Structure formats: structure tokens, C-alpha cells
Amino acid sequence: MIPHTMSRTVVLGVIGSDAHVVGITILEQAFSAAGLTVINLGVQTSQAEFAEAADRHDADAVLVSSLYGHAEQDCQGFQETLEAHGVDAVTYIGGNLAVGQDDFEETRETFEDLGFDRVFDAETSPEEAIAALRRDLRIPITDQERVTVTS
Amino acid sequence: MIRDTRLPSDELRRIDRGIRDTWPTGEAVDFQEAMAFHERLPTHKRFAQVLERSEQPLLQPRAGVARLGEQIDLLEYLQADGEADLLPTTIDSYTRDNEYRKAQQGLEAASESGAERLNGFPAVNHGVEGCRKLIEAVDAPIEVRHGTPDARLLAAITFAGGFQSFEGGPISYNIPYTKRQGLATTIEHWQYVDRLAGAYTERGVRINREPFGPLTGTLVPPSIAITVMLLEGMLATTQGVRSLTLGYGQVGNVVQDVAALRALRALGNECLPEEVCVTTVFHEWMGGFPPDEARASGVIGLGGMTAAIARPDKVITKSPQEFRGVPTKEANAAGLRTTRQIIDMALEQDIDIDGIDEEQALIERETRQLLEAVIGHGDGDVARGTVAAFESGALDVPFAPSESAQGAVLPARDDDGRVRILEFGDLAIDDEIKEIHAARLAQRAETEGRAQSFRMVADDVDAISDGRLIGRPSGGEGRAD
Chain A
274 MIPHTMSRTV VLGVIGSDAH VVGITILEQA FSAAGLTVIN LGVQTSQAEF AEAADRHDAD
334 AVLVSSLYGH AEQDCQGFQE TLEAHGVDAV TYIGGNLAVG QDDFEETRET FEDLGFDRVF
394 DAETSPEEAI AALRRDLRIP ITDQERVTVT S
Chain B
7 MIRDTRLPSD ELRRIDRGIR DTWPTGEAVD FQEAMAFHER LPTHKRFAQV LERSEQPLLQ
67 PRAGVARLGE QIDLLEYLQA DGEADLLPTT IDSYTRDNEY RKAQQGLEAA SESGAERLNG
127 FPAVNHGVEG CRKLIEAVDA PIEVRHGTPD ARLLAAITFA GGFQSFEGGP ISYNIPYTKR
187 QGLATTIEHW QYVDRLAGAY TERGVRINRE PFGPLTGTLV PPSIAITVML LEGMLATTQG
247 VRSLTLGYGQ VGNVVQDVAA LRALRALGNE CLPEEVCVTT VFHEWMGGFP PDEARASGVI
307 GLGGMTAAIA RPDKVITKSP QEFRGVPTKE ANAAGLRTTR QIIDMALEQD IDIDGIDEEQ
367 ALIERETRQL LEAVIGHGDG DVARGTVAAF ESGALDVPFA PSESAQGAVL PARDDDGRVR
427 ILEFGDLAID DEIKEIHAAR LAQRAETEGR AQSFRMVADD VDAISDGRLI GRPSGGEGRA
487 D
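Line by line, the protein sequences are chains A and B. Residue numbers 274 to 424, in the working numbering, belong to the letters of the first sequence in order. Residue numbers 7 to 487, in the working numbering, belong to the letters of the second sequence in order.
FYI, nobody ran anything at the bench for these hints, they're computed from the structure. Some clues are possibly wrong.
[Claimed, not checked] Footprint (simulated), chain A over chain B, 3 or more residues, beta carbon under 8 Å:
{"#": "1", "stretch": "123 to 129"}
{"#": "2", "stretch": "264 to 272"}
[Stated by the list, open to error] Non-contacting residues of chain B with respect to chain A, defined by C-beta distances greater than 12 Å in every case (computed):
{"#": "3", "residue": "R52"}
{"#": "4", "residue": "V56"}
{"#": "5", "residue": "E82"}
{"#": "6", "residue": "E105"}
{"#": "7", "residue": "K108"}
{"#": "8", "residue": "R209"}
{"#": "9", "residue": "R426"}
{"#": "10", "residue": "G431"}
{"#": "11", "residue": "I442"}
{"#": "12", "residue": "Q458"}
{"#": "13", "residue": "A464"}
{"#": "14", "residue": "D465"}
{"#": "15", "residue": "D468"}
Model, not experiment: these values are computed from the prediction. We put the CB at the ideal spot given by N, CA and C, even for glycine.
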């Protein structure tokens with residue numbers, strides 16, 4: 274294992290009543306392999322649990338997953354909850370975020386209005402999320418790591 | 007401590023009174039009056055009779071929207087334009103989490119905006135009267151399909167509301183569906199659901215029960231799924247259920263899927279008592295779908311082909327829009343018709359494929375070992391054994407979010423695309439069988455020139471949505487979308 278001088282902490286979880294676990298399991302593995310410290314809260318995580326974990330681990334990023342369509346109702350007041358816990362982190366949300374066959378650009382706007390820094394659809398690969406984290410958290414990429422991420 | 011014993015009548019009544027007080031619509035439940043409603047239903051709306059008497063696999067979609075009028079329209083459309091034999095009412099995820107207040111908010115938001123806000127029909131909020139309007143309006147048997155670990159109130163209301171089939175079970179609706187609810191508690195809750203179904207059955211209204219076979223829907227080894235089906239079948243039988251539909255989810259390798267369905271039927275008939283009518287249901291691929299609808303129809307077609315060879319009693323269809331979540335009614339009907347076309351063409355043929363018998367023998371050997379281990383863990387008691395076996399990891403499910411399971415088992419496909427076990431954790435499988443799995447996976451690793459690792463598992467999870475069966479390292483690259 275290569276020591277990462279620029280290690281960053283990412284809090285990961287599925288919000289609300291949603292139990293889709295496979296996606297975050299794969300993200301956890303991919304993020305760890307990319308040298309990030311991952312706090313995986315698992316499925317059925319409340320807003321308060323996200324905020325408490327982000328505060329406790331001094332997270333650099335909070336990544337919310339939702340596959341079942343109820344994300345908009347589940348994320349009302351999410352940024353306020355984070356602020357109330359003194360959390361200042363980059364926030365992403367990704368998955369199937371609306372019920373039915375939605376227009377993703379509309380969905381993106383809805384969640385940007387809710388305060389998310391980035392909104393991803395269900396076609397996003399772990400590598401795209403890692404690339405976004407590197408940009409937003411200003412993590413320099415080493416050749417060694419490039420091999421880890423793409424191998 | 008939890009025991010696999012039949013709940014006495016006074017205990018059933020006590021729980022029943024308590025559970026009906028947890029939400030205002032519970033008050034309207036009246037068993038005697040509900041019996042009279044069921045007795046008035048015509049034969050062609052009686053789920054168990056229609057399913058058990060059918061000569062051919064019956065087709066059933068998934069479908070649920072928030073509002074009653076829209077739900078009636080949706081089911082009528084799926085019957086008329088999708089030619090569905092059996093209909094569903096899929097319950098929303100807040101109800102599944104017993105969050106009836108949030109379901110109410112979603113229902114009200116849907117009524118105000120006219121847009122869908124819930125991923126299903128909040129049957130508890132609609133209450134007995136709403137359910138009966140649905141049952142009366144739609145001219146086919148309807149099943150409650152959900153994913154509710156504590157489904158006591160949902161069962162009390164929907165049974166009284168005229169539904170005669172109810173999906174789920176204490177293991178299959180705990181391990182894949184909840185993080186925190188303990189397995190022993192969930193078994194206790196489902197003893198009530200099954201006992202209530204048994205009470206209706208005793209008085210002549212056979213409630214069909216359907217354990218959820220696909221579990222986490224992600225590369226579940228057949229023997230694990232079948233073991234869970236048999237355990238839930240045994241637990242339900244104790245409480246008086248007499249119509250059981252055991253399920254299995256397509257993994258995509260035709261030989262393994264046909265073998266698994268045959269093993270499920272054979273072991274179901276062998277392990278459950280004679281007075282129980284055992285039927286089987288095949289779920290079309292439950293993992294990630296290709297975003298491209300044409301490719302998604304291909305996945306659905308392979309499911310139809312598999313069903314035509316294995317001949318389960320029922321097939322749960324998927325839609326070509328599965329990738330993006332809840333489909334439009336047109337796409338849902340298209341999935342039904344795609345399946346119908348292939349089944350009707352293939353059913354007339356005698357299709358003989360090599361290797362099914364050997365695969366079935368392997369699945370049955372594994373299942374017997376797992377089942378024996380579970381019963382041993384409980385000193386002969388299935389309920390206790392189930393809790394203890396999941397705790398020790400002797401029984402385990404891959405990608406389980408539940409804290410009641412070890413979640414240590416990791417599956418991967420072999421060189422032929424059959425699902426094997428890469429990491430066994432503490433699964434109660436003997437060394438001889440472990441070697442068979444290891445040899446198959448070693449062969450694949452050699453073909454691909456890479457080590458066996460989680461990467462292989464992740465590649466397999468994505469493979470079908472990327473347009474293939476096996477997650478090969480070179481897969482997906484050169485594919486034109």
C-alpha cells in the first residue's frame with residue numbers, strides 16, 4: 274500500500290428508506306483503491322446520520338446515493354442539516370433520483386437547487402466520481418495511483 | 007426466544023388488535039366481514055386457484071403508483087395491452103419502512119402536482135376501502151408485491167381489502183431490504199402474517215404466499231436462494247399457509263437457470279408437506295439493465311426463453327426501461343409482450359441442452375448442506391436455526407445490507423457465466439464443493455490472465471448492463487451503443 278500524503282475522507286451512504294446496497298459497496302471499494310478514506314454508512318441512512326458522521330470524521334465530501342425515486346423528498350433541508358452540524362464539505366448525489374422516466378437535466382436542476390455541488394445519473398462510473406473528487410478536493414494524481422484506479 | 011410453532015388463536019387476536027392501532031386505517035379491519043367480501047369474489051379473481059390450475063407459465067408485471075384511480079387505470083392497461091395473466095400492486099418504499107406519514111405526504115404531493123412522487127401504491131394509507139375499490143374494478147387476480155420487513159399492518163389491511171396473494175417472507179424481506187431490523191423480530195412479524203393468511207385459508211379463502219426468491223438480485227448463487235425459499239416455506243406452512251409460490255431470479259446462464267428452477271420445484275415438493283400446493287415463479291433478471299431499450303429487450307427475451315424451457319408456474323416480467331427506474335405503462339406492457347412472444351414460440355419445442363442435470367445435482371447437493379446446517383443450528387427448530395445460521399455465517403447472502411447477515415459471501419461468474427462462489431466466508435458448504443467452485447473460477451482467471459479479486463465481482467455486477475454476461479477485463483470497450 275502506498276502512503277497517501279493527501280488522504281481525504283469521504284462519507285458515503287444511501288439516504289431515506291432505500292436499501293439498494295450494491296452501488297455503494299462498489300463505490301467503497303473503488304474509492305478505497307483510489308486512496309480515499311471511506312466512511313460507508315450503508316443503506317437507509319437519515320440526514321442526521323450523514324451530518325453526524327461527516328462532523329465526527331471531519332469529512333471532505335459527503336456522497337449521497339438514491340436508487341428508488343424518493344430522493345427529492347428525502348433531501349429536503351439536507352444542506353441545512355449539514356450546516357447545523359457545522360459540516361463544510363463538498364456534496365454529491367447520484368443514482369435514479371426521480372420516480373419514472375425523468376428528464377435528467379430537470380432532475381439535475383432540482384438537486385442543485387437543493388444545494389448539491391454535483392448531481393450524477395445512474396450511468397456514472399466510479400472512475401468519473403473519483404475524477405470529480407480529485408478536482409473538487411484538489412488531490413494531485415500520481416502515476417502509481419493512476420495504475421490503481423484504471424487497472 | 008423465537009420458535010417455529012403455530013401462533014395460538016388468542017395470540018393472533020392480541021397481535022391483531024395491537025397492530026391495527028398503529029395507524030388510523032387499521033380500525034376498518036374486520037375479519038368476519040372481510041371473509042364475506044372474499045367469498046363474493048368470482049373464481050377468476052382468486053389468485054391461488056388461477057395460478058395452481060394453469061397449464062402454462064402465467065405472466066405478471068410489477069406496477070404501482072400512488073393514487074387509486076391511476077392504479078386502476080395502470081392495471082387495466084397492463085391486462086388489456088400487456089396481456090398480463092396476473093396483476094400486481096407494488097407498494098411504495100415509505101410504506102415498506104412503516105413510514106405511513108411520509109407515504110401520506112407523497113400521496114398528497116402526487117394528488118396536488120399530478121406527478122408521481124411515490125414509487126408504489128401506499129395500500130395502508132388507502133385503507134381497506136381503497137383496496138376493495140381496486141379489487142372490484144380490476145378483472146384479474148392481484149398480488150401485493152413489496153419489500154416490507156414488518157408487513158403486519160400491510161397484510162391485515164390488504165387481506166381485509168380483498169387481496170389473495172402476498173409476496174415476501176421473514177428472510178427474503180429482511181436480509182435484502184433493511185439494515186437494522188433483527189432477523190428474529192422479522193420472523194416473529196411474519197409468523198403473524200402467515201398465521202393470518204392461514205386463518206383465511208382455514209375458512210376456505212386460500213391466500214397465496216410468495217417468498218421473494220431473487221433476494222439481493224445481484225449474482226445470488228442458486229443454492230443460497232433455494233435454501234431461503236425452503237426455510238420460508240417451512241415457516242409459512244407451520245402457520246397454516248397452504249398455497250406457496252417459491253421464487254428464483256434469473257442469473258443469465260440458461261443451463262444454470264433451468265437447473266435452479268428444476269431444483270427449486272423438486273426440493274419444494276420434497277421438503278414441504280403434501281397438503282401444501284407448491285408452485286414456482288421465475289423473475290426475469292433483477293440486476294442492472296442496459297440503458298439501451300433494445301438491449302434491455304434482449305435481456306427480457308433471454309428470460310422468456312429460459313422460462314419456456316424450465317416451465318415455472320409464473321414469470322415476473324421486466325420492462326425495457328428498467329435501467330431508469332419505474333417504467334411507463336407502455337414500456338411495462340412491452341416487457342410482457344416480448345416475454346409472451348418468446349414463451350409462446352418456444353413452449354411448443356422440445357429443447358434439450360447438455361449439462362442441466364449435472365448443474366441441478368450440484369445445486370441440490372449444496373442446498374441440502376445449507377438446509378441441514380440451518381436446522382442443526384436450531385437443534386431441529388427452523389426459526390431458531392435461521393437466526394443462528396445467519397449470525398454465524400453458515401447461511402449468508404451476497405451484498406446483504408442487513409446487519410443480521412455476515413454479508414461475507416462474494417459471488418463471481420465462471421468462464422461459462424454460471425454464478426460461483428469466490429469468497430465463502432463461513433458458509434456451510436463442504437470442501438469438495440468449494441473445490442468445484444474454486445476450479446471453475448481459476449479457469450476463468452486463467453482465461454482472462456488476471457487474479458481473482460473484488461474487481462472481477464464488480465465487473466460481473468456491471469456486465470449485463472454493459473452488454474455482456476461475464477465481466478471480462480476487455481468487456482465493453484469496442485461496443486457500439
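K108/B clear of chain A by more than 12 Å, beta carbon to beta carbon? Given that some Cβ of chain A is not farther than 12 Å from that of K108/B, nearest at about 7 Å, it is violated.
Does E105/B sit more than 12 Å from chain A, CB to CB? Non-interface label fails for E105/B: nearest chain A Cβ at 6 Å, not farther than 12 Å.
Separation of Q458/B from chain A, once the least beta-carbon distance is taken, above 12 Å: Non-interface label on Q458/B holds, nearest chain A Cβ at 14 Å vs cutoff 12 Å.
Would you assess whether R52/B, listed as outside the interface, keeps its beta-carbon beyond 12 Å of every beta-carbon in chain A? 32 Å, holds
Verify that the Cβ of R426/B lies farther than 12 Å from every Cβ atom of chain A, and report whether the claim holds or is violated. 18 Å, holds
Decide, holds or violated, for the assertion that all CB atoms of chain A are farther than 12 Å from the CB of R209/B. 35 Å, holds
Beyond 12 Å from each Cβ of chain A, as asserted for D465/B: 10 Å, violated
For V56/B, which was marked as not at the interface, is the minimum beta-carbon distance to chain A over 12 Å? Nearest chain A Cβ is 30 Å from V56/B, so the label holds.
Taking the minimum C-beta separation from E82/B to chain A, is that value above 12 Å? Consistent with the label, E82/B stays out of reach of chain A, its closest Cβ about 19 Å off (over 12 Å).
Verdict on chain A covering the stretch 264 to 272 of chain B, criterion of 3 CB contacts below 8 Å: violated (count 0)
Please verify that the nearest CB of chain A lies beyond 12 Å from I442/B's CB. 26 Å, holds
Is the claim that G431/B lies outside the interface with chain A correct, judged by CB distances over 12 Å? With a cut-off of 12 Å, G431/B remains clear of chain A, as the shortest Cβ separation is near 15 Å.
In this structure, the hints that do not hold are numbers 2, 6, 7, 13, 14 and 15, in rising order.
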